[in-house]
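**Q** The chain contents come next:
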Amino acid sequence: MEEKKPSTADILAKIRAQKAAAAAAPVETPASVSETPATVAASESAPTAAAPPPASPTPAAVPGPKPSSTKDILAAIRAGGAKPAAAPVVNTPAAASAATVASTTSAAPTSAALGPKLSPQEMLQKMREAKGSAPPAAAPAAAVTKTTTPVAAPPMPAKPLPAGKAAKPAAVRRGMASFATVATVSALFLTLGYLLGNSFLIAVGALAWGALLTPFMAAWAAVAGISGIWTLGVARFMFPNVLVEPPSKFKVGPLSDYPLNTVSNKWKDQFGIWVVHTDQYEGRNMIFALASVCTHLGCTPNWLDGEQKFKCPCHGSGFYMTGINFEGPAPRPLERMGLRIAEDGMLEVNKSVKFQEEMGQWTDTTSYVEVV
Amino acid sequence: MTHLTHNPDLTSSVIYGLGWVYLLLFLMNAYWVRRSYAVDGNFRLSLGGILGKGEQIPVAAFWAVYAGLLLMLAVTHLTGANNPLQFSLKMPEILKEPINRASNPVAFFIGSTAIYVLMIVLRKWWTTPTAGWILLNLSILFLALSVTDYDFRQIVGKPDNVPIVAMLYIVGFFTWLYFKKSVDNDERIAAGRPLFEQENNEKVLTWPDLVYSELICMVLLTAVLIAWGIVLQAPLEEPASAAKTPNPSKAPWYFLGLQEMLVYFDPWMAGVVLPSVILVGLMAVPYIDFNKEGNGYYTFNQRKFAVSTFLFGFLPLWVAMIVLGTFLRGPNWNFFSPYEFWDVHKLELLNNINLSELFWIKGLGRPLPVVPPGATFAQQAPIILLREWLGLVGVAFYLVVLPNIMAATVFKKFYVRMGFLRYMVLANLMLMMMSLPIKMVLRWAVNLKYIVAIPEWFFNI
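One line per chain: the protein sequences are A and B, in this order. Taking the numbering used here, the leading residue of the first sequence gets 1, the next gets one more, and so forth. Taking the numbering used here, the leading residue of the second sequence gets 1001, the next gets one more, and so forth.
I should point out that these hints are in silico values taken from the structure, not numbers from a laboratory. Predicted, not measured: the structure shown is a model, and the values here were computed from it. Ideal placement from N, C-alpha and C gives every residue a C-beta, glycine not left out. Be a bit skeptical, because a hint or two may be false.
Unchecked claim - Far from chain A by the CB rule (all over 10 Å, computed), these chain B residues: (1) A1038; (2) T1079; (3) F1414.
Said to hold, decoys possible - Output of the computed footprint for chain A on chain B, the stretches with three or more beta carbons under 8 Å from beta carbons of chain A: (4) 1241-1251; (5) 1257-1267; (6) 1331-1337; (7) 1364-1374; (8) 1446-1454.
Please build the complete structure, drawing on both the sequences and the hints.
**A** Structure below.
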């Protein structure tokens, strides 16, 4: 695999060299090119010795540039029956020798006389022909130097213009403008009439519409109307008229229901909270409500009474009774919900507010109830 | 008196089923004896001089003895199934104990990485047909013996987990196949012979060869799926409830690698950033890869870096994590040995601390810089950044400075060949991949939770 594919730099260098060679060459018509294929082949392989020869000279010479077209591939196959693709072969003396042959032959005819510059089209043409000359070169090894006459592609006939396209002037759709005006005005009438409850305006609008009504318009209007209704119907689905949430404020019983240093699972299923009574947080005797949502990824942890911790079954996060995270990946403590003593002496949880420890919100007096 | 224990290790049906497994294994090995007799040749057996100069014995004789033992095992199981309490052919406690004791995430990760390394180093040995056959036999024997343990059976025999056992065999087989073909081609390249793919050009036609094979595969697969659907019942559970998470709660099996990753990272990192990096990184591979060799044929030596990097990400970091999550993670996401009872109250001490706490409290003996309550963002930011400076600097070093150091040292050739941008993409993808094992090791070694922990901004690394 000593030969690599030509890099972008190589290709650019090649094109530049080709340009230079083209500039140096005498005035060339396509015909003259076909007569002197050697110059073409030379200009192709001359620029850089590092650049591989334009086509694999022998079927065995493999890691050269990829064949550019189906034609090339076919030619290569016919020539040797080998795969034309760049199949890796370790020992390819043939390739090496072929490369040297190419480079020695290519060195010769570069020094051509100066000539007039070619236009880009001519250069392109030349390049195409150079490519076209490649497949025959791929045939037998002997043909490396003497390229067979390349087939100069005949110039494409000028494309006839599609009849009428150029000649026909753009039709001015005069009807459209007036239609739009009438439609807008009548729509305005209709809307105003509907909004103001004025049947006269509605009638005017409807009449204006009626004046416009052709079967074609009627069909489109029907389509627009129906699809509009459908769209509205679909949009309506986004706003179901039910409220699935449980009330965000609810009573959880009197203080005496929650002995010191216990976690109550009583409201977990229904409201997703634990009521905790503990003196372990800052040494203060308090009751608070913790949301039963893990702060890692939102699973529901379990309160393990034996271990005195909340433990999440999904990724193993653990929280103390106070809600402070201490093990597993949870990055912050459990969230508190609002809690107060209602007028009737019951504890009332307010799930519409939450208090996060890391935000310093646990100092908020609505986040707990101090027991005295 | 047949149910003295609540969870018997052996039941009649288990023994009976194992009998069929051993019978199948016997048939497989009977075939192997035939193959071995034709292929393997003889070896000289002298038994330490008992047989004098020794006798020429076909290698197949060893396999014949082994197959005979298997047949005896099968007969024993099939005939002795009616009295499970008396049946003594089961996983011995002497084997279970060391496995139970050695089982922890550290050992598991080190073990899977070691297997990965051995797989590459010993690729010439384990890709020989005989070695492959020995490994297959060992794995089946291990499974068959382990099934005699109640807890193992509960986990591995769960209909959910059966496909993962199948997946392990499939991954093993295809890895074996890849290495076998690569070793062959690498030897050919070294000897200057043409590649296997060139010498045995198996080019066939789409119609009928490919289409027929596809049809056959389709029919077979449908049959397997139908049989599977009838034999193994879908493991349905109770109706879902937002307030109750099953314990353990497991993702679909193909996401268990991600779930294991979530144990070590913030959900935002392990759930969003890293999966996206994996996907984008895989898409970027064709643009990063500058090695034009190994195109269209199997090889390892010509693509050492690419293959071993990919396999490291795939085998120890993805497949092994799936195995860990499926078989070894139990209630509360604790680690359980394969022969261990899934105790909901298993206590593992996992108290984790952040790097900032390690630095300020343990290192300097000072409290963490605290943000005063009610501080505005502008007042907060300097305090938080001061608190987390070490982690932030560390991460910046890891993702910005380290690639440059690597470019100057280990990846010098890569850097020269790839150019700055491509190299940086490669280096960062590599480092992102390595962040998982690094984070795992840090968690196990020093109980580190987050390198940068800013819960105030939902930013944890």
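**Q** With reference to the structure, classify each hint as holding or not holding.
**A** Going down the list of hints, with the structure as the test:
{"no.": "1", "hint": "A1038", "result": "holds, 33 Å"}
{"no.": "2", "hint": "T1079", "result": "holds, 44 Å"}
{"no.": "3", "hint": "F1414", "result": "holds, 17 Å"}
{"no.": "4", "hint": "1241-1251", "result": "holds (count 9)"}
{"no.": "5", "hint": "1257-1267", "result": "holds (count 7)"}
{"no.": "6", "hint": "1331-1337", "result": "holds (count 4)"}
{"no.": "7", "hint": "1364-1374", "result": "holds (count 4)"}
{"no.": "8", "hint": "1446-1454", "result": "holds (count 3)"}
The earlier numbered hints are all upheld by this structure, with none contradicted.
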